[in-house]
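Novice: With the hints as constraints, model all of the structure from the sequences given.
Numbering (the numbering used here), first residue to last: 1278 to 1532.
I should point out that these hints are in silico values taken from the structure, not numbers from a laboratory.
Hints may be right or wrong, so weigh each one.
To be verified - As a list, the in silico DSSO-like pairs of lysine-lysine whose alpha-carbon atoms are at most 27 angstroms apart: (1) LYS1282 / LYS1532; (2) LYS1532 / LYS1470; (3) LYS1378 / LYS1305; (4) LYS1528 / LYS1497; (5) LYS1305 / LYS1282; (6) LYS1389 / LYS1414; (7) LYS1302 / LYS1281; (8) LYS1330 / LYS1309; (9) LYS1532 / LYS1302; (10) LYS1378 / LYS1330; (11) LYS1467 / LYS1281; (12) LYS1281 / LYS1528; (13) LYS1500 / LYS1330; (14) LYS1532 / LYS1497; (15) LYS1525 / LYS1303; (16) LYS1281 / LYS1307; (17) LYS1330 / LYS1305; (18) LYS1281 / LYS1414; (19) LYS1378 / LYS1389; (20) LYS1470 / LYS1307; (21) LYS1500 / LYS1470; (22) LYS1305 / LYS1500; (23) LYS1525 / LYS1500; (24) LYS1470 / LYS1528; (25) LYS1281 / LYS1396; (26) LYS1497 / LYS1525; (27) LYS1470 / LYS1414; (28) LYS1305 / LYS1467; (29) LYS1330 / LYS1414; (30) LYS1307 / LYS1500; (31) LYS1312 / LYS1282; (32) LYS1282 / LYS1330; (33) LYS1302 / LYS1528; (34) LYS1497 / LYS1389.
Treat the numbers as computed from the prediction; the structure is a model and nothing was measured.
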Amino acid sequence: MPRKKYIIANWKMNLSLAQTLSLAKKFKEKFKGFKQAEIAVCPSTLVLADTAKILRHSGIALGAQNVFWQEAGAYTGEVSPAMLSEAGCGYVILGHSERRKYLLENYEIINKKVRAVIKNGELIPIVCIGESSEERKTDRRDFVLVEQLEQAFSGVEIFGNQRIIIAYEPIWAIGTGTAIEPAEAEYAHKIIKLALNDIVGMRLVSQNFNVVYGGSINSKNVKSFADLENMDGLLVGGASLNADEFFKVAKEITK
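Specialist: Structure follows, in structure tokens:
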């Protein structure tokens, strides 16, 4: 039986409140009756609750782009897992490469966030990993991916049917318009699953984990990714800002 695919739209900091709600309505209409994959959208934290109202009963899940690792307290500007759940979220992106680059987020911090989200039990974490251009050129990709996974899941206890998504996003491919070669993505996903087998055990990897790809995916290049054995879906950035384009991506990857 084919594994369920997850197709996640990351709208980043691109849309105003009005634009977000307009796009959410277009997604709702476009994906009416779409059952081939789990669709999730991740707008800005500011508009989560309003977006949740639009997407209610649509079959489209809501996700956040970030979370803090404490349940409550004097942490100005931060949002807890419980707050995201209350706002209607079912997913949250952790450790996106842009946060690692611009906000100096490291895997010690990401590990705390993974623990907090799993403890909360109501959110599916989308844990981002990926190598830089320099790490790729010096043949350090495999080492980097394994190290990032080890740090992200160090001491993490996974309960029951907790779903965890790993998003492989090669940093050098993000926002460039040039996706990774499908064979290279397949190899990286295989490395990720083998590493997870060692970190959390084969049974949990099989039952609880999915690996998706993120990095300059669009309707023109997605077809070559559709049949990759170790790819369970996509984390889509720029192409998700247009409902028609994102729908084409979703249709193509689930054929």
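Novice: Would you check the hint for LYS1497 and LYS1389, treating anything up to 27 angstroms between C-alpha atoms as holding?
Specialist: Not satisfied, since the Cα-Cα distance of roughly 37 angstroms exceeds 27 angstroms.
Novice: Keeping to a limit of 27 angstroms between CA atoms, is the pair of LYS1467 and LYS1281 held or broken?
Specialist: Given that 27 angstroms is the threshold and the Cα spacing comes to 17 angstroms, the pair holds.
Novice: For the pair supplied as a hint, LYS1312 and LYS1282, confirm whether the alpha-carbon distance does not exceed 27 angstroms.
Specialist: 10 angstroms, holds
Novice: Taken at face value, is the distance from the CA of LYS1303 to the CA of LYS1525 at most 27 angstroms?
Specialist: 14 angstroms, holds
Novice: Do the alpha carbons of LYS1281 and LYS1414 lie within 27 angstroms of each other, as the hint requires?
Specialist: Violated, because 33 angstroms separates the two Cα atoms, which is more than 27 angstroms.
Novice: Just to be careful, I want the Cα atoms of LYS1378 and LYS1389 compared with a cutoff of 27 angstroms; is the pair within it?
Specialist: Given pair LYS1378, LYS1389 holds - Cα atoms ~18 angstroms apart, limit 27 angstroms.
Novice: Given the hinted pair LYS1500 and LYS1330, is their Cα-Cα distance within 27 angstroms?
Specialist: 33 angstroms, violated
Novice: When you check the alpha-carbon spacing of LYS1497 and LYS1525, does it fall within 27 angstroms?
Specialist: 9 angstroms, holds
Novice: Taking only the CA atoms, is the gap from LYS1378 to LYS1330 under or equal to 27 angstroms?
Specialist: Distance ~33 angstroms between LYS1378 and LYS1330 Cα, so the pair is violated.
Novice: Can the restraint linking LYS1470 and LYS1307 be considered satisfied, given a maximum Cα separation of 27 angstroms?
Specialist: 33 angstroms, violated
Novice: Just to be careful, I want the Cα atoms of LYS1470 and LYS1528 compared with a cutoff of 27 angstroms; is the pair within it?
Specialist: Holds: LYS1470 and LYS1528 sit about 25 angstroms apart, inside 27 angstroms.
Novice: Between the alpha carbons of LYS1389 and LYS1414, is the straight-line distance 27 angstroms or under?
Specialist: Violated, at about 30 angstroms.
Hints 3, 6, 10, 13, 18, 20, 28, 29, 34 from the earlier list are contradicted by this structure; the remaining hints agree with it.
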